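These are the residues of each chain, in order.
2 protein chains.
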Amino acid sequence: MEVTNKYIVIKHHIEDAPNDSHFEVKNEAFGLSINSGSDDVIVKNLYISIDPYLINRMKSYSASHNAISFSTPLTPGQAIDAIAIGKVVASGNVKFVKDDLVMGVFTWGFSGLTAYGGFFEICKPQKGEKVFVSAASGSVGNIVGQYAKLLGCYVVGCAGSQKKVGLLKEKLGFDDAFNYKEETDLNSTLKRYFPDGIDIYFDNVGGEMLEAAIINMKAFGRVAVCGIISEYTDAEKRASPNMLNIVYKRITIRGFLAADFMNIFADFSAKTSDYVRNGQLQVIEDKSLGVESIPSAFVGLFNGDNVGKKVVVLAGE
Amino acid sequence: MEVTNKYIVIKHHIEDAPNDSHFEVKNEAFGLSINSGSDDVIVKNLYISIDPYLINRMKSYSASHNAISFSTPLTPGQAIDAIAIGKVVASGNVKFVKDDLVMGVFTWGFSGLTAYGGFFEICKPQKGEKVFVSAASGSVGNIVGQYAKLLGCYVVGCAGSQKKVGLLKEKLGFDDAFNYKEETDLNSTLKRYFPDGIDIYFDNVGGEMLEAAIINMKAFGRVAVCGIISEYTDAEKRASPNMLNIVYKRITIRGFLAADFMNIFADFSAKTSDYVRNGQLQVIEDKSLGVESIPSAFVGLFNGDNVGKKVVVLAGE
Numbered sequence: 001m002e003v004t005n006k007y008i009v010i011k012h013h014i015e016d017a018p019n020d021s022h023f024e025v026k027n028e029a030f031g032l033s034i035n036s037g038s039d040d041v042i043v044k045n046l047y048i049s050i051d052p053y054l055i056n057r058m059k060s061y062s063a064s065h066n067a068i069s070f071s072t073p074l075t076p077g078q079a080i081d082a083i084a085i086g087k088v089v090a091s092g093n094v095k096f097v098k099d100d101l102v103m104g105v106f107t108w109g110f111s112g113l114t115a116y117g118g119f120f121e122i123c124k125p126q127k128g129e130k131v132f133v134s135a136a137s138g139s140v141g142n143i144v145g146q147y148a149k150l151l152g153c154y155v156v157g158c159a160g161s162q163k164k165v166g167l168l169k170e171k172l173g174f175d176d177a178f179n180y181k182e183e184t185d186l187n188s189t190l191k192r193y194f195p196d197g198i199d200i201y202f203d204n205v206g207g208e209m210l211e212a213a214i215i216n217m218k219a220f221g222r223v224a225v226c227g228i229i230s231e232y233t234d235a236e237k238r239a240s241p242n243m244l245n246i247v248y249k250r251i252t253i254r255g256f257l258a259a260d261f262m263n264i265f266a267d268f269s270a271k272t273s274d275y276v277r278n279g280q281l282q283v284i285e286d287k288s289l290g291v292e293s294i295p296s297a298f299v300g301l302f303n304g305d306n307v308g309k310k311v312v313v314l315a316g317e
Numbered sequence: 318m319e320v321t322n323k324y325i326v327i328k329h330h331i332e333d334a335p336n337d338s339h340f341e342v343k344n345e346a347f348g349l350s351i352n353s354g355s356d357d358v359i360v361k362n363l364y365i366s367i368d369p370y371l372i373n374r375m376k377s378y379s380a381s382h383n384a385i386s387f388s389t390p391l392t393p394g395q396a397i398d399a400i401a402i403g404k405v406v407a408s409g410n411v412k413f414v415k416d417d418l419v420m421g422v423f424t425w426g427f428s429g430l431t432a433y434g435g436f437f438e439i440c441k442p443q444k445g446e447k448v449f450v451s452a453a454s455g456s457v458g459n460i461v462g463q464y465a466k467l468l469g470c471y472v473v474g475c476a477g478s479q480k481k482v483g484l485l486k487e488k489l490g491f492d493d494a495f496n497y498k499e500e501t502d503l504n505s506t507l508k509r510y511f512p513d514g515i516d517i518y519f520d521n522v523g524g525e526m527l528e529a530a531i532i533n534m535k536a537f538g539r540v541a542v543c544g545i546i547s548e549y550t551d552a553e554k555r556a557s558p559n560m561l562n563i564v565y566k567r568i569t570i571r572g573f574l575a576a577d578f579m580n581i582f583a584d585f586s587a588k589t590s591d592y593v594r595n596g597q598l599q600v601i602e603d604k605s606l607g608v609e610s611i612p613s614a615f616v617g618l619f620n621g622d623n624v625g626k627k628v629v630v631l632a633g634e
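Residue numbers (this note's numbering), protein chains in the order written: chain A, 1 to 317; chain B, 318 to 634.
These are computed hints drawn from the structure, not numbers from a lab.
Certain hints may be false.
To be verified - Listed next, the stretches of chain B that the computed footprint assigns to chain A, with coverage defined by at least 3 CB atoms under 8 angstroms from CB atoms of chain A:
(1) 539 to 549
(2) 563 to 571
Said to hold, decoys possible - Calculated cross-link-like contacts (lysine-lysine; reagent style DSS-like; alpha-carbon spacing at most 25 angstroms):
(3) B:Lys-441 <-> A:Lys-218
(4) A:Lys-218 <-> B:Lys-554
(5) A:Lys-237 <-> B:Lys-535
(6) A:Lys-169 <-> A:Lys-287
(7) B:Lys-441 <-> A:Lys-124
(8) A:Lys-44 <-> A:Lys-98
(9) A:Lys-169 <-> A:Lys-181
Remember, predicted model here, so these are calculated numbers, not experimental data.
We put the CB at the ideal spot given by N, CA and C, even for glycine.
Take the sequences, apply the hints, and build the full model.
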C-alpha cells in the first residue's frame, strides 16, 4: 500500500528572523510494506515537538562551521527532522509491534530533560536560593521554575505578556513574575525583584537580560545558558556581560545541552512522572493542528506566541 | 623614637589608564614605641607587591558599587594598602618577636595562590589537555603555564613582546608562545596554535582575546577568568563572547579570586616550595627600588612593562 507523506523543508538557509515564506510543504509517495528480512519499523507521527534550537540548524553558518556541527545542519529542500511521538503501523522488528507508541531519537531538545539537567546538574541549586528564569512561560522555563519551587527556592520569572505573567504566578506557583516588555531598565527591574541578589539565573534568552542578570548576581552565583533566543535571529546582537562582575563575584556561566544528561534520564523520568501524576507539576502544552501548521508554529516561537511547550498534532492516536 | 613614614595616595579616583601624576608620595611622623598592654606589632616593610587589581579599588565605581565592595575601595588621600613582606621591629604581641619576617594579610592578590587555585580548582586540568594562557609572562600567567607543563599539558602563551615570548619558550618551557601585538586576527592565530581546539583558557586579559578563545574552545572547555586587564582601564571595552558557542560547546566560564582558595593554601605552599627548591618552577621577579617607585611600577603594569611578578623593594633585610 502506498500513501502520500507530507514534510517540511526550508527553501534556503535562514540568517535572521524566520517567516512562513521560508518554508515549503512537500509531498512524497511512501510505501507501507516492510521488506522481508529487514528490521525496519514504519511509524505514523502523531505529535511533533517545535523547538527554537532548530533555527541554528537552518543557518548557513551551521553548514560551514564546526562549532555546532554535531547538531546536524539542514540543507534546503531536505526534510526537517525533529523530536516526535508516533505509533507503529507496521514492524519487521522484534522489538516493536503494531500500535506501539514510540518517541524519536532526537531527545537532546526534549524540554523536560533540558530543564531537569540544566537546573539540577548545572545550577546545583540549594533550598532557599533565589532563582531567576527568563522566557519563563516557555517550554523549558516553566518547568525549571516549577522544579525550583518544588525544591524550596524563591523563583521569579519573566515573560512577554501579562497573560503569561498571570500563568506563572497563578497556575505555576512562581513567587513573582514580570513582563519584560513593560520594563525600561532591566537592571533596576531585577534589583526590585531581587534586592539581595540572584543565586541562579536560568538563561533562555541571552542579550540584555543576561547582562542585567550578571550585574544582579550574588557572589558565587551560577548562570546556566540553555538558549539565547534573543540572539538566534540577529547575528549582530551579542551580550557583553560585565567581566569585572564575573571575576569579583566569582560567577560561573555554563552552557549545556540536554544530550549531556542522558545518564540521568531514568532519574528525570521517574521523578517527573511522579510529580505530574501527583499534580505537583503542571504540563503546559500549546498545540497546533496538521503538518501545514508546522512553519507558523515554528515562526511563532520567535514572536513569543507560544505558552508552554509547542507541539503540532499530526494525527489522532 | 619617631620616624618619618612614606606612603602613596591617589589624588582622585582613576577612571581610565593610570599615570604617575595620579599619585602622590606623602609623609607622616610615626612613633616606634609600643603602648604597654597593647598587642601591637610594628613592622618595617621590605617588599611590596604591585598588582593590577588595585586599579579597580581606585575607581569611583568601586566606591559607589556593591559589586566589588568586599574589595575595599580606596579614598583619595588615603594610604594605599597592599600585600607586603616586612620585618618586625618592635612587638607587644607574644606571637611575634623582633626580626620576624611577616606577610601582610591581603593575600587574595597573591600571584602563586591565584595561579594554583585558578588552574587546579577552577580549570580542573587533565594531563595532555591543551592550555592557552594570556598575559603569560605576567605574575600569574607564567606560573599557570609552568604548573600546566608540570602536569603534562600542552601549553601556549601569549605576551606583548618578542623578549617575553622568548622567555616563555626558552626559560619557562612553554610548548609555544606568540606576541599578540604582531597578530591581526586573533581567531586565526589561535586556530594556528590549537588546530584541534583549546581545552582550558586561563584568561588574564578579557576583551578580544577572550572572544577569540571562546571561538576556539573544544566541547566542555573551561575558561577561568582571573583578570581582564585590557578592560580595567577602558570602561567602554567589553568582551562579547559568542554565546551560541558557549551553549553548543558546553563551555564553562568562571570568575574567581585567590581569597577563595585559603583552604588549600597549605597544599599550594608545600607543593610550590618543593617545585621551586627542585628547580622545576622558575620564579620571575621584576624589581624596582624605593617607595617613590611604586606609582611608576604600578602604571607600568598597564603598559606591559613588567616581566613576571612586579615587586618594589623598600629596604634591605
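Results of checking the hints against the structure:
no. : hint                    : verdict
1   : 539 to 549              : holds (count 6)
2   : 563 to 571              : holds (count 9)
3   : B:Lys-441 <-> A:Lys-218 : holds, 23 angstroms
4   : A:Lys-218 <-> B:Lys-554 : holds, 23 angstroms
5   : A:Lys-237 <-> B:Lys-535 : holds, 23 angstroms
6   : A:Lys-169 <-> A:Lys-287 : holds, 22 angstroms
7   : B:Lys-441 <-> A:Lys-124 : holds, 18 angstroms
8   : A:Lys-44 <-> A:Lys-98   : holds, 11 angstroms
9   : A:Lys-169 <-> A:Lys-181 : holds, 17 angstroms
In summary, the structure agrees with every hint in the numbered list given earlier.
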